[in-house]
Amino acid sequence: NAGVTQTPKFQVLKTGQSMTLQCAQDMNHNSMYWYRQDPGMGLRLIYYSASEGTTDKGEVPNGYNVSRLNKREFSLRLESAAPSQTSVYFCASSTGSFGNTIYFGEGSWLTVV
Amino acid sequence: GENVEQHPSTLSVQEGDSAVIKCTYSDSASNYFPWYKQELGKRPQLIIDIRSNVGEKKDQRIAVTLNKTAKHFSLHITETQPEDSAVYFCAGTDSNYQLIWGAGTKLIIKP
Numbered sequence: 001n002a003g004v005t006q007t008p009k010f011q012v013l014k015t016g017q018s019m020t021l022q023c024a025q026d027m028n029h030n031s032m033y034w035y036r037q038d039p040g041m042g043l044r045l046i047y048y049s050a051s052e053g054t055t056d057k058g059e060v061p062n063g064y065n066v067s068r069l070n071k072r073e074f075s076l077r078l079e080s081a082a083p084s085q086t087s088v089y090f091c092a093s094s095t096g097s098f099g100n101t102i103y104f105g106e107g108s109w110l111t112v113v
Numbered sequence: 114g115e116n117v118e119q120h121p122s123t124l125s126v127q128e129g130d131s132a133v134i135k136c137t138y139s140d141s142a143s144n145y146f147p148w149y150k151q152e153l154g155k156r157p158q159l160i161i162d163i164r165s166n167v168g169e170k171k172d173q174r175i176a177v178t179l180n181k182t183a184k185h186f187s188l189h190i191t192e193t194q195p196e197d198s199a200v201y202f203c204a205g206t207d208s209n210y211q212l213i214w215g216a217g218t219k220l221i222i223k224p
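These protein sequences, in sequence, are chains A and B. Residue numbers for the first sequence follow my numbering, so the first one is 1 and each next one is one higher. Residue numbers for the second sequence follow my numbering, so the first one is 114 and each next one is one higher.
Just so you know, these hints were derived from the structure itself, not from any lab. Some clues are possibly wrong.
[Claimed, not checked] Which residues of chain A face chain B? A few of them, derived with a C-beta cut under 8 Å, are:
| hint | residue |
| --- | --- |
| 1 | Pro8 |
| 2 | Phe10 |
| 3 | Val12 |
| 4 | Met41 |
| 5 | Gly42 |
| 6 | Gly99 |
| 7 | Thr101 |
| 8 | Gly105 |
| 9 | Glu106 |
| 10 | Gly107 |
Keep in mind it's a predicted model, so treat the numbers as computed, not measured. Every residue, glycine too, gets a C-beta built ideally from N, C-alpha and C.
Construct the complete structure from the given sequences, taking the supplied hints into account.
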């Protein structure tokens, strides 16, 4: 039982390049999330998927797109990376029920130069 | 919408002393308040949570208290140990049951 797995762990991009962060969970969770974490800013929700087939914007969606490929997988795409997107990205999942624990992946460190 | 403020941003305590981190929230309808711990370079993990129908919850050295009238909740850690050093995040919930996070508190345990 791996929990939430995300790749890559580290990535350096040039401004304007595109990339996709992959995330998969093996807990049969309905809801999946993408957060970014910047120093002193806490965790900010980028997009979430309450259930398979649905996606919704979070607090900071600009510059990102997501795909809920199936119940297990939820990917985050940066179409044209900008230095402001340098951050640590966390994928997470939960059952989606009220008050349920959110489980995080190990994080992806992204640097845009 | 819901806004969660967390204080202090950094807290330094002597090993063995108690630590208290406070959060305030804006939406009176918010009804679930978890606390997550994030060690350096690791993922956040749930350590304790409380629902709005409960005033206090305890788990060994960790406790959370909730004051619905004042719209604030606090994390209490007693007999602090070096492994308690981490960043702690509180959260409330918005109308869609999504978590709204505080900015985090860096807890430093001095030997």
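Against the structure, the hints:
1. With 8 Å as the threshold, the beta carbon of Pro8 of chain A stays out of range of chain B, its nearest partner Cβ sitting at about 16 Å, so the hint is violated.
2. Given hint, Phe10 of chain A at the interface with chain B, is violated; its Cβ is 12 Å from that chain's nearest Cβ, farther than 8 Å.
3. The interface hint given for Val12 of chain A is broken, as the beta carbon of that residue sits about 18 Å from the closest beta carbon of chain B, more than 8 Å.
4. With 8 Å as the threshold, the beta carbon of Met41 of chain A comes within range of chain B, its nearest partner Cβ sitting at about 6 Å, so the hint holds.
5. Below 8 Å, beta-carbon pairs count as interface contacts, and Gly42 of chain A has one with chain B at about 4 Å; its hint therefore holds.
6. Below 8 Å, beta-carbon pairs count as interface contacts, and Gly99 of chain A has one with chain B at about 5 Å; its hint therefore holds.
7. The closest approach between the C-beta of Thr101 of chain A and any C-beta of chain B is roughly 5 Å, which is under the 8 Å cut-off, so the hint is satisfied.
8. Checking Gly105 of chain A against chain B by beta carbon gives a least distance of about 6 Å; that is within 8 Å, so the hint holds.
9. The beta carbon of Glu106 of chain A comes within 5 Å of a beta carbon in chain B, closer than 8 Å, and the hint placing it at the interface holds.
10. The interface hint given for Gly107 of chain A holds, since its Cβ lies 6 Å from the closest Cβ of chain B, which is under the 8 Å cut-off.
In this structure, the earlier hints numbered 1, 2, 3 are contradicted, and the remaining ones agree with it.
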